[in-house]
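Protein chains in written order, with UniProt numbering: chain A, 1 to 233; chain B, 1 to 233; chain C, 1 to 233; chain D, 1 to 233.
Accuracy of the hints is not assured; some may be wrong.
[Unchecked claim] Quick look at which bits of chain A chain B covers, simulated, 3 or more residues with Cβ under 8 Å: (1) 56–66; (2) 183–195; (3) 205–213; (4) 219–225.
[Claimed, not checked] Taking lysine-lysine and the BS3-like style, the derived pairs with C-alpha atoms no more than 25 Å apart in a straight line are: (5) Lys34(A) / Lys163(B); (6) Lys34(A) / Lys34(C); (7) Lys221(D) / Lys164(D).
Hints were generated in silico from the structure; no laboratory data involved. Heads up, the beta-carbon is just placed ideally off N, CA and C, and yes, glycines get one too.
Number of protein chains: 4
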Amino acid sequence: MEQVKSLKDYPAEVQAEVKQVREVVATLHEQLLKWNLVVWTAGNISQRLHTADLMVIKPSGMRYESLTPESMVVTDLNGNVVDGLAAPSSDTLSHAYIYRHMPNVYGVVHTHSTYATAWGATGQNIPCGLTMMGDEFGGPVPIGPFKLIGSEAIGEGVVETLKKYPHSPAVIMQNHGPFTIGKDAEAAVKAAAMTEEVAHTMWAAKQLGQIIEIDPEDIAKLNDRYTNVYGQH
Amino acid sequence: MEQVKSLKDYPAEVQAEVKQVREVVATLHEQLLKWNLVVWTAGNISQRLHTADLMVIKPSGMRYESLTPESMVVTDLNGNVVDGLAAPSSDTLSHAYIYRHMPNVYGVVHTHSTYATAWGATGQNIPCGLTMMGDEFGGPVPIGPFKLIGSEAIGEGVVETLKKYPHSPAVIMQNHGPFTIGKDAEAAVKAAAMTEEVAHTMWAAKQLGQIIEIDPEDIAKLNDRYTNVYGQH
Amino acid sequence: MEQVKSLKDYPAEVQAEVKQVREVVATLHEQLLKWNLVVWTAGNISQRLHTADLMVIKPSGMRYESLTPESMVVTDLNGNVVDGLAAPSSDTLSHAYIYRHMPNVYGVVHTHSTYATAWGATGQNIPCGLTMMGDEFGGPVPIGPFKLIGSEAIGEGVVETLKKYPHSPAVIMQNHGPFTIGKDAEAAVKAAAMTEEVAHTMWAAKQLGQIIEIDPEDIAKLNDRYTNVYGQH
Amino acid sequence: MEQVKSLKDYPAEVQAEVKQVREVVATLHEQLLKWNLVVWTAGNISQRLHTADLMVIKPSGMRYESLTPESMVVTDLNGNVVDGLAAPSSDTLSHAYIYRHMPNVYGVVHTHSTYATAWGATGQNIPCGLTMMGDEFGGPVPIGPFKLIGSEAIGEGVVETLKKYPHSPAVIMQNHGPFTIGKDAEAAVKAAAMTEEVAHTMWAAKQLGQIIEIDPEDIAKLNDRYTNVYGQH
């Protein structure tokens, strides 16, 4: 097994990025609370660095009140701790797997948000009945396979599922909860918030009767416009 | 195509109203968060001016924390930007269409609020089973047609639907979400909050069994009293 | 029609109680927001005085941010305004009717809280499946008749229903929403919060399958202990 | 009946622990509000001492705004008041019973949280369809028997049920609500928050269709890893 370098052996620009990303990742955890995506210590956020093959991730089982930039853990992309006083999230190996296999992804978020997780407990994709889903997910929100926690098996399931749904930034792991990806941690947090919102709305719609699904051609138009025109360019 | 005037070429009273309306529209976005009507950057509010054929609207895809009076965009009633540093909301052409075709409307709000949008995903009007609906909507809350985002097609669908439901300040666009109108932006925000509340209540009622709908004659009495007697005159 | 006295013609002790009750009633409206019982301007609270046949009630259609002790309206028990700059709540005549016909009641609250109102839209009593309901309501939460707004007809329906359910501090008016009573306004606000909580819980239980109703003998024991032993005596 | 000692007759180290635990228990009640587990005065928390056979518990029927460390009541493990100005919680005898019969338990929490209580109104265990349930509960969340309030009967029902479900820190008493246990009050509050979250998620899943239950072998693996690896060791 290769020797893991300590953070102090990395160049100054890496150390500077670590400092900035620790701040970003610690602060973004407040958004998980703000949008009601987590209870107690559940949920975790990571961001990959651009200056080295490292990532910054939440420590394991620590309450949100105690999260500080300094408590965020730095690991390499095999999940080995490079800097930090606490053990990293139980999902570290899965975050690392996603970064190794999806080179455009620089942010990963995992929650057990209520309605997304409810869909996951039944193994059903969330059908695409909202223009907001066409925009954000380019179709249904897919369900990934059942996997035990602690190894990189969940990461494998996430990557395998997202390959089949290339427009979706979210996969809901069966019996578990959503994982979301993005170009940075903020984008992945946004995807986590949107996943719960569409999960809740489509859940409520299903209780009312027959959902009208959107035509795949219209979904493609929505997704294209949203990806290329929406927001500030 | 006519030349679009810049804001500095408008009379002083127009510039003064723009300044005041930017403040109003920016501040009202807090109410969308307060009443849980929006997630992340979703939702937008506009208000038409009284001193010129202009409106003030939220910029596209900007997070609520970043909204300031200065970031609000001023456009004419064809959606052309007259003042502002950012691109206006994706729904600008639809807001503009509504103002051009409904001369008493000076405020428009759009959200994806959860339960209203759930009714929209099934294409069903919300039946009138609450005195509060008789008061505010004068009957059921209507569903509008499915339309793609980005052109004025949504505005057309809103206007066409509200013509058939002249007492309703709200229409829920199929597979999309509610648009509400009012004599100013605050009235349209109130209508958005009431739309979500009655959508949630009637959704919950439907899960309990048979809803008792209110007699149309009683609805007319409720709506008349509310419009003419309620509040501070 | 008898001449209505102005507040300044009442004895000093009445004016002192009015001042204190205005503070109480204004402040209690914050609890309606805290427990998610109201949206926008919906909902109202009143408290009857002990020193004169007067009551203090919320003004009509005013936003919660604007409510101050001074804005609370004083009326006699026929709903005539005795002091105040604004028109009193649309439900004033019904509050007054309740006070005239239930001499032990000194607080009345009305809301459109979501789940209680949903039961009201279907005309079904909330069945007693919680020890908390045995404690607080001594049985099911009853539904009252459908009545139009603006006269004392709603008050009549409330009183008539509560006579049949003497242990309940709450009645849910059909297609409208809950009215609650108490020995003061705070007790009625508590009853409003408990009504929504049991409405929500029993609504959720009904979606799971068969509710186990509590035996009436056990309900009587719960209600007796709660009324006579619970709390600080 | 034996004479109950007053707190001032206990050694200094007991008095010091009482002071510290009163602070802990008073402060933890804020978490019940934060995670929406209680309405008005419902819910109570206790913690057992390590230096004497005493416990600290919430006073009966007091609003959360009024809870201070000083208002917390100290009782012995038969529920006799040893120190405090107010009457202890109605559930004191049941908390005491749990401590006497489960020697590793030093924290007990009781709430009427909405979705957990809804399961309790139907008498159904919450099925294990979430890895989070495997982690925290080692299987389904069990329902305990119906018992009246005020004696130690509820405590008996809790202990009897948890003996059959040795990995679960929670039991939902039929028609009543959840009781949770832990190595201290904070752990029991965490279990209360997790109980409501899994109750809500599994309730929502049941509305979507068939729940996929997790294989008991996988549940055992999840529970073992969570108990022995998760968090900071």
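Hint check:
Interface restraint, the stretch 56–66 of chain A with chain B: violated (0 residues with C-beta to C-beta distance below 8 Å; minimum three). Coverage of the stretch 183–195 of chain A by chain B holds in this model, with 3 residues showing a Cβ closer than 8 Å to a Cβ of that chain against a need of three. Using a Cβ-Cβ cut-off of 8 Å, 7 residues of the stretch 205–213 of chain A lie near chain B, which meets the minimum of three, so the contact claim holds. Requiring three or more residues with a Cβ within less than 8 Å of a Cβ of chain B, the coverage given for the stretch 219–225 of chain A holds, as 3 such residues are present.
Of the pairs offered as hints, the one joining Lys34(A) and Lys163(B) is violated, with about 39 Å between alpha carbons and a cut-off of 25 Å exceeded. For a cut-off of 25 Å, the pair hint linking Lys34(A) to Lys34(C) stands: about 17 Å separates their Cα positions. This hinted pair checks out: Lys221(D) and Lys164(D) have alpha carbons roughly 19 Å apart, not beyond 25 Å.
Going down the numbered hints, you'll see the structure goes against 1 and 5, while the others check out.
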